[in-house]
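Starting from the given sequences, assemble the full structure and let the hints guide the process.
Those sequence lines, one after another, are chains A and B. Each residue of the first sequence is one higher than the one before, counting from 604 in my numbering. Each residue of the second sequence is one higher than the one before, counting from 3 in my numbering.
Hint data in this document are derived by calculation from the structure and do not stem from the laboratory. Any given hint could be a false lead.
Computed list of lysine to any residue pairs in SDA-like fashion (alpha-carbon distance at most 25 Å, straight line) [claimed, not checked]:
| # | chain 1 | residue 1 | chain 2 | residue 2 |
| --- | --- | --- | --- | --- |
| 1 | B | K560 | A | K679 |
| 2 | A | K783 | A | R762 |
| 3 | A | K622 | B | H534 |
| 4 | A | K622 | B | V40 |
| 5 | B | K36 | B | M120 |
| 6 | B | K136 | B | M120 |
| 7 | B | K136 | A | M708 |
| 8 | B | K538 | B | Q526 |
| 9 | B | K538 | A | W613 |
| 10 | A | K647 | B | P567 |
| 11 | A | K647 | A | M635 |
| 12 | A | K622 | B | R274 |
| 13 | B | K538 | A | V719 |
| 14 | A | K622 | B | W566 |
| 15 | A | K647 | B | T301 |
| 16 | B | K112 | B | G14 |
| 17 | A | K679 | B | G467 |
| 18 | A | K783 | B | W566 |
| 19 | A | K622 | B | K36 |
| 20 | A | K783 | A | R716 |
| 21 | A | K647 | B | K36 |
| 22 | B | K538 | B | Y338 |
| 23 | B | K560 | A | M708 |
| 24 | A | K783 | B | G467 |
| 25 | B | K179 | A | P612 |
| 26 | A | K647 | B | K112 |
| 27 | B | K538 | A | H615 |
| 28 | A | K622 | B | L530 |
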Amino acid sequence: MSLRPLTSPWFHGPAGHEKIWLGCALLWCFVMSLMMPYWHFRGKQNSTGEAYTVAPVAYLARAEAFVKSNRVGTWKNQASNNPLLTELPLVEPAPGGDAYLVARMWQWYPALRLHVGETYRLHLSSLDLQHGFSLQPLNMNFQVIPGYDHVLTITPTSRGEFTIVCNEFCGMGHHLMSGKIFVE
Amino acid sequence: MASSSHNLAAPGTPGRVCGTTGLHVCLDAQRFIKLNAVVGIVFLLLGGIAALGLALTRWQTVHLLPAEWFYRILTFHGLNMLIFWILFFEIAILYFACTTPLNARLYSRKIAWVSFLMMLVGAVMTDTVIIGGKADVMMTSYLPLLAHPGFYLGIILVAVGTLIGVFNFFATLYVAKRDGAYTGSVPIVTFGATAAAIIAVVTLLHGAIVMIPTFTYSMGWTSQPDPEWYRLIWWGLGHQSQQVNVCAMVSVWYLLSHIVLGARPINEAVCRTAFVLYILFINLASAHHLLVDPGVGATWKIWNTSYAMYLAVLASMIHGFTVPAGVEIAMREKGYTSGIFGWVTALPWRNPAFSATVLSVVIFGFLGGITGVTLGTQQINIIAHNTLRIPGHFHVTVVGGTTLAFMGLAYYVVPLIFQRDFIGRGWARAQPWIFGGGITMLSLGMSFAGSMGVSRRSWDIDAQGVYGPAAHLWLGVLGIGGVLAFTGLLIFALLCVGTLFFGAKIQDRAMTDWGTPPALAGSQAGSLAHDHYATKGTMALSLVFLACFAIYYFANWKALADVWPVR
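Structure follows, in structure tokens:
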């Protein structure tokens with residue numbers, strides 16, 4: 604009885620249907636546990652959390668240097684009516700090289716131009732609050748935290764215009780915070 | 003405070019005998035069950051009103067609230083629902099579970115007062131700060147976002163008050179054993195509540211560790227804690243507190259299926275082991291929120307994601323089998339034996355406590371559990387983190403699961419503890435279906451919009467210019483589901499409050515039955531006690547569940563494989 608103390612001996616091993624179900628459930632848990640290490644070695648999408656300590660000021664200096672030496676033009680926003688996203692420097696990192704994205708209230712800086720099939724080390728960090736790197740319409744999401752230089756080793760495999768949305772609440776302009784990545 | 007004996011049957015002890023169940027009820031416990039339950043339901047109603055505003059804002063066509071109020075109300079909603087409503091109601095459940103089933107008297111009235119008042123003051127303080135516009139930081143208040151110190155202080159007061167209430171629970175267990183109030187082993191309901199209480203202690207300690215330095219920082223006394231450290235420890239509070247809910251909810255499943263049908267766990271040893279698995283393997287769950295974070299490595303993420311080997315998931319899969327299996331056995335013993343599912347059609351679907359239990363099991367398991375394990379898979383989190391898929395998951399665990407189970411419990415708590423029969427019984431019978439249906443719609447809307455990349459905690463999606471008509475459609479489903487769920491919640495709150503004032507009084511008589519299936523002629527209780535193959539229907543349903551789980555899980559791996567390679 605579920606509401607009164609148990610007095611008779613109640614300890615029995617599982618039997619019958621319950622034993623079958625326990626076996627199925629345990630096996631399934633085992634499969635799920637193995638999937639993650641399997642994907643870590645054989646799969647292509649992993650979050651390894653590679654990161655380095657960096658002061659926001661130092662990170663901004665690195666990003667500015669990156670923009671200065673790799674700038675190929677200016678991207679002007681002609682499509683949407685977002686008042687916080689009018690234009691950004693358009694920057695093309697060297698294939699295999701480093702690319703920097705600065706997250707700050709409420710902008711992703713600068714716009715990047717990447718090449719399909721090339722691999723980049725994409726650095727993400729914030730100058731103020733926590734932000735969320737959400738690449739649309741692909742729907743890839745990573746956390747961006749001030750003081751942490753979060754490095755994604757990323758290989759674009761599809762061409763087109765991609766929008767970076769912020770998906771970590773960062774104040775009243777949060778829903779306007781966006782950026783651009785172009786893949787050619 | 004304490005009389006010489008904590009046995010309720012001892013002379014001079016303030017207790018009464020329940021006119022419905024014949025069980026002893028401690029009058030001290032009864033008072034605090036009433037207080038905590040009523041205040042809990044008030045916070046549920048506040049959080050529900052906030053929820054209506056949120057649903058009608060994210061429904062992009064309606065877009066009700068201005069941005070500032072959307073974020074403010076979102077903070078308010080999270081804290082009132084996930085912390086205040088749940089903790090107050092759980093304290094009520096703990097006070098019940100340590101007294102009546104053990105024939106014991108509550109350890110201390112004074113401690114119960116201190117606990118209750120601290121929680122109440124803390125909750126009101128936090129709510130006041132939020133509504134005053136001094137804490138637009140979301141429930142998680144991620145540093146370096148900073149709120150008014152009163153926000154953190156209120157949460158600390160609620161946490162400490164809850165810890166004091168949990169202490170009263172453990173003290174009652176101790177004196178009940180010491181004074182011989184009962185013999186044998188505690189029943190499964192008390193056992194499950196004890197597991198919840200143990201996890202609550204670990205959880206609330208995490209809360210203290212993270213909130214105290216944040217509070218002192220907000221006062222300007224200490225330097226800013228590291229934001230990643232904050233996330234790690236905060237989720238030791240934020241995620242584990244939901245495991246307290248799971249334990250409490252599962253205990254309520256056992257309790258209600260027993261009260262309504264006389265169901266019992268088919269195997270006490272297995273059920274209890276499952277509760278122990280929760281305690282042992284749940285405490286790493288904060289990792290679920292750091293799966294795409296910098297600074298924590300893949301090994302750490304993978305190990306903590308599975309809590310070593312998904313043994314806490316195994317525990318839920320055990321309860322998800324045992325509860326319906328107990329119901330099936332009880333029904334078959336009553337004589338409803340036709341076919342595999344004959345017992346299902348004979349179940350008391352018009353009994354709101356029972357329909358709430360079944361809906362809670364199904365919504366929690368099929369929707370909440372499957373999505374939770376999948377989203378919490380380390381790599382799959384890349385295509386889910388901070389999208390609407392996350393609230394799409396936890397609204398079917400903590401709302402469709404826990405809150406609905408607690409609502410079901412209220413359909414017996416109010417008559418048995420407040421001793422008044424429910425008013426509006428027709429509305430009560432429909433309420434779990436309206437609420438459960440609404441929450442299911444809300445969750446589906448969130449999950450599908452999230453799959454299309456729509457982020458959570460965002461006032462507007464149109465400025466981004468990347469979301470098409472399909473995403474807008476699912477946000478509409480979210481909105482309609484939210485309105486429906488709010489309607490169910492409002493019916494519930496009005497019925498409860500109305501009953502306290504206008505319900506027919508029950509004095510020494512049995513409460514009016516909500517409806518229980520009668521035993522058929524020739525049936526015999528306990529006749530299937532040794533038949534281990536009598537749960538064919540539950541076995542079939544469980545295998546359907548496993549198939550759904552596997553399909554959803556591998557479909558998500560496929561979706562992950564389609565995005566850009568990243569390390």
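Structure-based check of each hint:
Annotation: proposed proximity of B:K560 to A:K679 is violated, straight-line Cα distance about 36 Å (limit 25 Å). About 13 Å separates the Cα atoms of A:K783 and A:R762, which keeps this hinted pair within 25 Å; it holds. Between A:K622 and B:H534 the CA atoms are separated by roughly 9 Å; this keeps the pair inside 25 Å, and the hint holds. A hinted pair counts as satisfied when its Cα atoms are at most 25 Å apart, and A:K622 with B:V40 does not qualify at roughly 42 Å.
With a C-alpha separation of about 17 Å, the suggested pairing of B:K36 with B:M120 holds against the 25 Å cut-off. About 21 Å separates the Cα atoms of B:K136 and B:M120, which keeps this hinted pair within 25 Å; it holds. Between B:K136 and A:M708 the CA atoms are separated by roughly 19 Å; this keeps the pair inside 25 Å, and the hint holds. As the CA atoms of B:K538 and B:Q526 are separated by approximately 19 Å, the hinted pair is consistent with the 25 Å bound.
Our distance criterion of 25 Å between C-alpha atoms is met by B:K538 and A:W613, whose separation comes to about 23 Å. At most 25 Å may separate the alpha-carbon atoms for a hinted pair to count; A:K647 and B:P567 meet this at roughly 5 Å. A distance of roughly 18 Å separates the Cα atoms of A:K647 and A:M635; the hinted pair therefore holds under the 25 Å criterion. For a cut-off of 25 Å, the pair hint linking A:K622 to B:R274 stands: about 15 Å separates their Cα positions.
Using a Cα cut-off of 25 Å, the hinted pair B:K538 and A:V719 is violated, with the two alpha carbons roughly 54 Å apart. Distance restraint check for A:K622 and B:W566: the Cα-Cα separation of roughly 42 Å exceeds the 25 Å cut-off, and the hinted pair is therefore not satisfied. Using a Cα cut-off of 25 Å, the hinted pair A:K647 and B:T301 holds, with the two alpha carbons roughly 16 Å apart. Proposed proximity of B:K112 and B:G14 is supported: the alpha carbons are some 19 Å apart, at most 25 Å.
Using a Cα cut-off of 25 Å, the hinted pair A:K679 and B:G467 holds, with the two alpha carbons roughly 15 Å apart. The straight-line distance between the Cα atoms of A:K783 and B:W566 is roughly 16 Å, inside the 25 Å bound, and the hint therefore holds. Of the pairs offered as hints, the one joining A:K622 and B:K36 is violated, with about 41 Å between alpha carbons and a cut-off of 25 Å exceeded. In summary, the hint linking A:K783 to A:R716 is supported, as the alpha carbons are separated by about 9 Å, within the 25 Å threshold.
With a CA separation close to 55 Å, the supplied pair A:K647 and B:K36 exceeds the 25 Å bound. About 13 Å separates the Cα atoms of B:K538 and B:Y338, which keeps this hinted pair within 25 Å; it holds. Taken as a hint, the B:K560 and A:M708 pair is broken in the structure, with Cα atoms around 34 Å apart against an allowance of 25 Å. Taken as a hint, the A:K783 and B:G467 pair is honoured in the structure, with Cα atoms around 12 Å apart against an allowance of 25 Å.
Our distance criterion of 25 Å between C-alpha atoms is met by B:K179 and A:P612, whose separation comes to about 18 Å. For a cut-off of 25 Å, the pair hint linking A:K647 to B:K112 is broken: about 59 Å separates their Cα positions. Between B:K538 and A:H615 the CA atoms are separated by roughly 20 Å; this keeps the pair inside 25 Å, and the hint holds. Under the criterion of a C-alpha separation no larger than 25 Å, the hint pairing A:K622 with B:L530 is consistent with the structure, at around 17 Å.
Hint compliance for this structure: hints 1, 4, 13, 14, 19, 21, 23, 26 are broken, all remaining hints hold.
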